[in-house]
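> The primary structure of each chain is shown beneath.
2 protein chains.
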Amino acid sequence: MRIAVDAMGGDYAPEEVVKGTVQTARETKVELILVGQPEDLARELARYDTDGLAITIEPAEEVIAMDEDPVAGVRQKRRASIVVAARMVRDGRADAVATAGHSGAAYMAALLTWGTIKGVRRPTVGCPYFALQEKTFIFDAGASVNSKPEYLLQYAQLGSLYLERVVGIPNPTVALLSFGIEDNKGDRVVGEAFPLLAKSDLNFIGYIEGLGVAAGQANVIVCDGLVGNVAIKVSEGLSELLLDMLEHEVATRLGPEKLNSGFGQALASVRERANYELIGGMPVLGVNGVCVIGHGRSRARAVKHTILQAMHAVEVDLVGTIRAGWRDLAFND
Amino acid sequence: MRIAVDAMGGDYAPEEVVKGTVQTARETKVELILVGQPEDLARELARYDTDGLAITIEPAEEVIAMDEDPVAGVRQKRRASIVVAARMVRDGRADAVATAGHSGAAYMAALLTWGTIKGVRRPTVGCPYFALQEKTFIFDAGASVNSKPEYLLQYAQLGSLYLERVVGIPNPTVALLSFGIEDNKGDRVVGEAFPLLAKSDLNFIGYIEGLGVAAGQANVIVCDGLVGNVAIKVSEGLSELLLDMLEHEVATRLGPEKLNSGFGQALASVRERANYELIGGMPVLGVNGVCVIGHGRSRARAVKHTILQAMHAVEVDLVGTIRAGWRDLAFND
Chain A
1 MRIAVDAMGG
11 DYAPEEVVKG
21 TVQTARETKV
31 ELILVGQPED
41 LARELARYDT
51 DGLAITIEPA
61 EEVIAMDEDP
71 VAGVRQKRRA
81 SIVVAARMVR
91 DGRADAVATA
101 GHSGAAYMAA
111 LLTWGTIKGV
121 RRPTVGCPYF
131 ALQEKTFIFD
141 AGASVNSKPE
151 YLLQYAQLGS
161 LYLERVVGIP
171 NPTVALLSFG
181 IEDNKGDRVV
191 GEAFPLLAKS
201 DLNFIGYIEG
211 LGVAAGQANV
221 IVCDGLVGNV
231 AIKVSEGLSE
241 LLLDMLEHEV
251 ATRLGPEKLN
261 SGFGQALASV
271 RERANYELIG
281 GMPVLGVNGV
291 CVIGHGRSRA
301 RAVKHTILQA
311 MHAVEVDLVG
321 TIRAGWRDLA
331 FND
Chain B
1 MRIAVDAMGG
11 DYAPEEVVKG
21 TVQTARETKV
31 ELILVGQPED
41 LARELARYDT
51 DGLAITIEPA
61 EEVIAMDEDP
71 VAGVRQKRRA
81 SIVVAARMVR
91 DGRADAVATA
101 GHSGAAYMAA
111 LLTWGTIKGV
121 RRPTVGCPYF
131 ALQEKTFIFD
141 AGASVNSKPE
151 YLLQYAQLGS
161 LYLERVVGIP
171 NPTVALLSFG
181 IEDNKGDRVV
191 GEAFPLLAKS
201 DLNFIGYIEG
211 LGVAAGQANV
221 IVCDGLVGNV
231 AIKVSEGLSE
241 LLLDMLEHEV
251 ATRLGPEKLN
261 SGFGQALASV
271 RERANYELIG
281 GMPVLGVNGV
291 CVIGHGRSRA
301 RAVKHTILQA
311 MHAVEVDLVG
321 TIRAGWRDLA
331 FND
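Sequence lines, in order, name chains A and B. Just so you know, we're using the numbering used here here: the first sequence kicks off at 1 and counts up by one. Just so you know, we're using the numbering used here here: the second sequence kicks off at 1 and counts up by one.
Any given hint might turn out to be false.
Claimed, not checked - BS3-like cross-link-like pairs, simulated, lysine-lysine; straight-line CA separation at most 30 Å:
hint: 1; chain 1: A; residue 1: Lys-258; chain 2: B; residue 2: Lys-258
hint: 2; chain 1: B; residue 1: Lys-199; chain 2: B; residue 2: Lys-135
hint: 3; chain 1: A; residue 1: Lys-148; chain 2: B; residue 2: Lys-135
hint: 4; chain 1: A; residue 1: Lys-118; chain 2: A; residue 2: Lys-148
hint: 5; chain 1: A; residue 1: Lys-29; chain 2: A; residue 2: Lys-118
hint: 6; chain 1: B; residue 1: Lys-135; chain 2: B; residue 2: Lys-148
By construction, these hints were calculated from the structure, which means they are not laboratory data. Predicted model, so just to flag it, every value in this text is computed and none were measured.
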């Protein structure tokens, strides 16, 4: 198996991406291809003992910056690392892409280079609710915005297929995220998506509000990418804030040495469950290829988990699995 | 001062509303009018010693249920408690409304009974980020959805006026909530609101993502009501989840008696700051009257804080203050 790693993507690229790649190569047998500026990557690689590791470099001279438009970036920068990586998969030179870069650009590179599964109008990228609620995923988590009602239905379908056939959650429950739980508590788009979900074959349980996300009240939580991104990022920020506050309170009231006691371990254990780094990344669902998108803040550890997710997606034949499931859906209609 | 309390609104009405009203009457000199089913209210009141308390009952036989459409509910149910309460203010029989009921209905009752301040197309209801970030408020927090770009500008303007002239935060910073911080990270509506905010006189600092909410990176965080409601409710749910998890970890690792120690106090202190009950409620901004909307889950303590907020809004002449500020804005244009 060969994974093309977008070595220029992410807040700490290429340093942390190379570091995470080296760590992964040491722990697995997989071939890892660092895609990016060859000189930078050679310099970073030289900092590690890479003897016997299956790491190669694929030159890509351009980068799509965080403030660039994803569509224009992917179309115009043919030598951008994420575009070169996606093309390697298309040409059979790699089995999957792993990136911590511009998620919009990664999503568009996957979509434009590989195309969508027949009938999929809007691919989606989800995110589990950390290890806090491991069976609760939000679709879409930020890749797809300006959602129409029929797109929300597709996120629900793709998300359900992924949870049922890849994650292994039987008959996953599906809920629409809104500002209340009664049947009339939707805005225009969510309100029009409601009957589409209700009459689908999905295990639809109705509206859910923000409280239900943290409570894990559904497996597939469906919303526009802006809403999903806000829910995930607010949670990430709040976890840090609350746990820092608590650490401070304990240190002030009981003395800083208490943080090294059993209490410190309890705090560390909860902090770990709220840590996005363990998620690594999530695949774009509905395209003809594997592209796992990690967190832009990824450091080496998160990069490693992103690559591991990409490997896992190849192992379980993510694309074939979703494609077969999608065909079954169409057949049932 | 006389506050009309919507005694039939909220998950625990009328029991907890009456209880909270009695508590407030004991602690303040204000006249409180319980609006709702007279028999139910008389029965609940009889459970307390109300001797010398300035509590009266105003009959209102109908209730707008949580699953009712707010506009239809307010228009058709002329005897609904929230509508009767709003009319009392219009007729000079009360100075403000306090409610923990259907927020959409309360918002519409205020809007339709009192009208908006000249030039305000969309009133808004905000919410502070708990006592976790007391200087960070989200506008809109769930009352106003299907927002157009120009509505987002109005939430920003009304929110800024409220923070500057009522809360007392000088020159409050304003940010648009989106899925990234770069200038191109907006969906269609947020993207079109961006230049409106940028060319306004507001202290606009650009996009903010979910992480920035918990970090308190701006005073006025502007978004559609669905997004704001999700951000607030996810935070509320996550606070409970994390603190419960931690309590469980400590009890398991160190024994349940540890929860009564200094550590238990540290936990309680953080839990208190994440508690929505202390907020009480928030006023509808941009209408010609004071209506403070509390949390639907309000129990007596939260009801009390909602009434106190309504009293405070009357004391500081919220409506006159916002109206004068709005006129200044128009004058500057």
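> For every hint, state whether the structure bears it out.
Outcome of the hint check:
At roughly 13 Å between alpha-carbon atoms, Lys-258/A and Lys-258/B fall within 30 Å of each other, so this suggested pair holds. As the CA atoms of Lys-199/B and Lys-135/B are separated by approximately 24 Å, the hinted pair is consistent with the 30 Å bound. In summary, the hint linking Lys-148/A to Lys-135/B is not supported, as the alpha carbons are separated by about 35 Å, beyond the 30 Å threshold. Distance restraint check for Lys-118/A and Lys-148/A: the Cα-Cα separation of roughly 19 Å lies within the 30 Å cut-off, and the hinted pair is therefore satisfied.
Proposed proximity of Lys-29/A and Lys-118/A is contradicted: the alpha carbons are some 34 Å apart, above 30 Å. With a C-alpha separation of about 26 Å, the suggested pairing of Lys-135/B with Lys-148/B holds against the 30 Å cut-off.
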